[in-house]
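*Asks:* The primary structure of each chain is shown beneath.
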Amino acid sequence: MASAVKLEGITKRFPGVIANDRVNLDVAAGEIHAICGENGAGKSTLMKILYGMQPADEGRMIVNGDEVKFSSPKEAIALGIGMVHQHFMLADNLTVLENIILGAEPSTAGIINFDEARRHIIEVGEDYGLTIHPDDLVENLEVGERQRVEIIKVLFRGAKILILDEPTAVLVPQEVEELFRNMRELKAEGHTIIFIDHKLDEVLEISDTITVIRAGRTIDTVKPEDVTARDLAELMVGSELPVPEIRESTVTDHVVIEAVNAAADDDTGSPKLRNLTMKVHKGEILGIAGVEGNGQAEFVEAMVGMRPLTSGSLSLEGVRMLGWGTRRRREAGIGYIPEDRTRRGLLAGFPLWENAMLGHQSMEPYVSNGFWIQTAAGREHTKKVVDQFDVRTPSVDVAAHALSGGNQQKLIVGKEMSADLVALIAAHPTRGIDVGAQAAVWEELRHARAAGLAVILISADLEELIGLSDRLLVMLRGEIVAELDPRDVTPRDLGSYMTGASVQQGGE
Amino acid sequence: MGKKILYAVAAPIAAIIVALVISSIVLLFAGANPLSAYNNMWEFGTRLETIIETLNRATPLYLSGIAVAIGFRMNLFNIGVEGQYILAAIIAAKVGAEVNLPPVLHVLVIILTAMVVGAIWSGIAGFLKVTRNVHEVISTIMLNAIAVAGVTSYLLSVWDVPDESLDTATKEIPQSGWMPSLNPIVELFTREINRVELWGFIVVAIIVGIVYHVMINRTRIGFDLRASGENASAAEASGTDPKRMIMTAMVAGGAVAGLVGLPELLGSSHAYNLRFTQGLGFAGIAVALLGRNSAIGVAIGAFVIGWLDRASGVLEVRGDAPREIVSIMTGVIILAAVIAYAVVERRRRAEEAAAAAAATAAERPPDEVGAAAGGES
Ligand SMILES: Nc1ncnc2c1ncn2[C@@H]1O[C@H](COP(=O)(O)OP(=O)(O)OP(=O)(O)O)[C@@H](O)[C@H]1O
Ligand SMILES: [Mg+2]
Chain A
2 MASAVKLEGI TKRFPGVIAN DRVNLDVAAG EIHAICGENG AGKSTLMKIL
52 YGMQPADEGR MIVNGDEVKF SSPKEAIALG IGMVHQHFML ADNLTVLENI
102 ILGAEPSTAG IINFDEARRH IIEVGEDYGL TIHPDDLVEN LEVGERQRVE
152 IIKVLFRGAK ILILDEPTAV LVPQEVEELF RNMRELKAEG HTIIFIDHKL
202 DEVLEISDTI TVIRAGRTID TVKPEDVTAR DLAELMVGSE LPVPEIREST
252 VTDHVVIEAV NAAADDDTGS PKLRNLTMKV HKGEILGIAG VEGNGQAEFV
302 EAMVGMRPLT SGSLSLEGVR MLGWGTRRRR EAGIGYIPED RTRRGLLAGF
352 PLWENAMLGH QSMEPYVSNG FWIQTAAGRE HTKKVVDQFD VRTPSVDVAA
402 HALSGGNQQK LIVGKEMSAD LVALIAAHPT RGIDVGAQAA VWEELRHARA
452 AGLAVILISA DLEELIGLSD RLLVMLRGEI VAELDPRDVT PRDLGSYMTG
502 ASVQQGGE
Chain B
6 MGKKILYAVA APIAAIIVAL VISSIVLLFA GANPLSAYNN MWEFGTRLET
56 IIETLNRATP LYLSGIAVAI GFRMNLFNIG VEGQYILAAI IAAKVGAEVN
106 LPPVLHVLVI ILTAMVVGAI WSGIAGFLKV TRNVHEVIST IMLNAIAVAG
156 VTSYLLSVWD VPDESLDTAT KEIPQSGWMP SLNPIVELFT REINRVELWG
206 FIVVAIIVGI VYHVMINRTR IGFDLRASGE NASAAEASGT DPKRMIMTAM
256 VAGGAVAGLV GLPELLGSSH AYNLRFTQGL GFAGIAVALL GRNSAIGVAI
306 GAFVIGWLDR ASGVLEVRGD APREIVSIMT GVIILAAVIA YAVVERRRRA
356 EEAAAAAAAT AAERPPDEVG AAAGGES
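Here the protein sequences come in this chain order: A and B. If you're matching positions, the first sequence starts at 2 in this note's numbering and goes up one per residue. If you're matching positions, the second sequence starts at 6 in this note's numbering and goes up one per residue.
Read the hints as simulated data drawn from the structure, not as lab findings. Wrong hints could be hidden among the right ones.
Away from chain B, derived, C-beta distances all over 10 Å, residues of chain A [what the hints assert, rightly or not]: (1) V69; (2) E249; (3) T278; (4) R321; (5) E332; (6) G350; (7) E355; (8) G360; (9) S363; (10) T376.
In silico contact screen, one side only, chain A against chain B (beta carbon under 8 Å); selected entries [as the list claims (entries may be wrong)]: (11) F115; (12) I123; (13) R308; (14) L310; (15) L323; (16) W325; (17) G326; (18) L348; (19) A349; (20) L359; (21) Q362; (22) I374.
Given the structure is predicted, the values throughout are model-derived calculations rather than measurements. Note that CB positions come from ideal geometry on N, CA and C, so glycine has one too.
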């Protein structure tokens, strides 16, 4: 089959790193082509080059048989290339419709024709089984929906070659299945899809061809029938595929976090979290499973003091946290890994060491007497975090936006876990982290647990949830609907509890 | 290191050159000879007296620039400095005139009064934002109108002392509440100064600059402020209370804004009158933009704009051109600076990348080159 995209010898350098080192990539027309590789391998960079967002320093790009040079995404879009980024790029305060047509408004004589746009969008959505509501405000959407908006936005611009950068990282298994259905549909319609993914079984399931990149170079291009997940992992990181598995229990009967009948509203003011009662013990990892949007986010925000309870209580070490702000809770030893790193966890333009300080800016070693910033000590501490958690960066002085997505995540996980904590609220801690580094994070979590940390773990990765948790709660529509023993539950079972299919039996 | 400094000064210098070129064109259109105009400005502007006047002008501009910069640091657009300083000046003038205190204390009370008034007036905008979600641009515009056209005019009419002069002014502050001129100190290093006095308040402005720099870059509060400006949700998740941050920034900015009228009040006018300098609050926005919110940058910006303002008088006197030409020059400098900063930043990044490339290319073992080019490992 003819090549839709052919990249030859693409090289891209950033200060202190070569992101792409003469990478070759050959994507056949009409196939689903996966790109795998560890964090910082250069996947996103390569895709941004293909999408015209960044110029390559060297190399050739051939699209549909013609050599091309892009100086902006506009030119790539004109040739039918579209990209959905690792970190979504939607304007929160605009509606779905406005976001989709932004920059490609159908207009007559300068006046935007909203009705036509709305019709067209619904049409595009129906064609590929992507359901969205054009008039919803983007800030009220769940991640899965946001992603659909991004995909429709790309299709709306007439893309025939789609680039999806880690589309499944933010999805729960049911949503992944739906996305894959959409992808197959698109392929059947003749689209070519290039996508990036760290979950190897997903890659094997959906792709026609897999290219593995390591340290900025093309390592190999393989067919899914010829390899196993283990082979892929080895190609990627040169090590074995890790399994999240907990060893001996370290759970004590000392209660660290206790919620009693806690309730909270969502952003629109309607009740979201109901009657939540739970305990987390010293040395315990409590997993919370649930489809996104069933109250986990509200619970996490209530725990860290960003959302008031409407009734009930939350306590830390037996003390009710009524009226405690986020800073006080952090100072009391609550760590927080936010689910959305770019929104809640990073200061993109600030150096890494100031990012490591974020959330601990009233505490040693970053600050003395709660007031004076200790630059040297802060940088020193950040260096330790960078080493221990294998954050790939030229130095702790580079701005956070210069790090690859997975490395940003490692920094956030690392700085939280290396603080003096009694409890950790970890929302999707390994989101976007490659298989090798994932194992390292799991290991750190186990260590911390053995040392007495109480952890609330929220994850869309059910294997991670089952493998790490001592106890599992399932959340549905703002309530705990089941408590499960991770030792005798499979991801499939868990999935049906999450969608409510097994609530009756489990809720007893 | 040398490169670093070069990049730091490249943008402002480029901006000034561009501004000179564009201003020359404007001058030509106005029928003036740009060379003679610049020559006159330079000759007049480098006199000791003009430099003193420039510093007197730059001092309030600097304070105003810092007041605006505090808000800018967390994406608050406080355009209310104008109203804050006018209101602070008249109330401070009145308080200063009514109290009887020993010298240093008297000045301190006036300063404190001005800061409190500025802080309260600005705090109203902050309060409206955190409780009613009123955008600070809207509220500060209204507060400006209320302060300048409403309250201050009213107060001035009430506090005006009927005396033989026709001047509408508050009662004069007794001498214990004046700030001494710094002429004797300058004269130690230069020559005798004629006609003009260097206002002592410049010392306060320098202290404000140092405190601002240290607070922003070296303290937790400054970090909270910068973090809130960079990413408000992440700052909130890190424990900064967004509402408190807004109040802090507005109140701190207002307190500094309160100082803007004092160099003149304590240095020369000693009373609030109809001729009291207006417009410094708006000029502060330009100064903050030009100085990119840094303590040093704002100082340079204040000096440049202050100098243009003072040195331009000569254009009219010598018949080169109307002095309004300088408003155009100031505008062009600001625009050019903003553009130049962006261009230089891009250039610096490109050079960094090229340097990195050179370094990494040298490290690459020759035998690997062929293998990698083939796409295999
Ligand atoms: N704008 C930038 N400035 C400097 N360095 C950059 C920039 N963007 C990327 N890099 C560097 O380039 C390398 C490749 O980054 P890239 O984002 O392509 O990785 P990735 O393969 O997508 O990783 P991940 O799986 O973590 O998303 C990293 O070392 C990163 O730090
Ligand atoms: Mg990436």
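*Asks:* Are the hints correct? Go through all of them and say.
*Replies:* Status of the hints after comparison with the structure:
no., hint, verdict
1, V69, "holds (20 Å)"
2, E249, "holds (34 Å)"
3, T278, "holds (25 Å)"
4, R321, "holds (19 Å)"
5, E332, "violated (8 Å)"
6, G350, "violated (6 Å)"
7, E355, "violated (7 Å)"
8, G360, "violated (4 Å)"
9, S363, "violated (6 Å)"
10, T376, "violated (8 Å)"
11, F115, "violated (26 Å)"
12, I123, "violated (31 Å)"
13, R308, "violated (11 Å)"
14, L310, "violated (17 Å)"
15, L323, "violated (16 Å)"
16, W325, "violated (11 Å)"
17, G326, "holds (6 Å)"
18, L348, "holds (5 Å)"
19, A349, "holds (7 Å)"
20, L359, "holds (5 Å)"
21, Q362, "holds (5 Å)"
22, I374, "holds (5 Å)"
Violation of the numbered hints given earlier is confined to hints 5, 6, 7, 8, 9, 10, 11, 12, 13, 14, 15 and 16; the remaining hints are satisfied by the structure.
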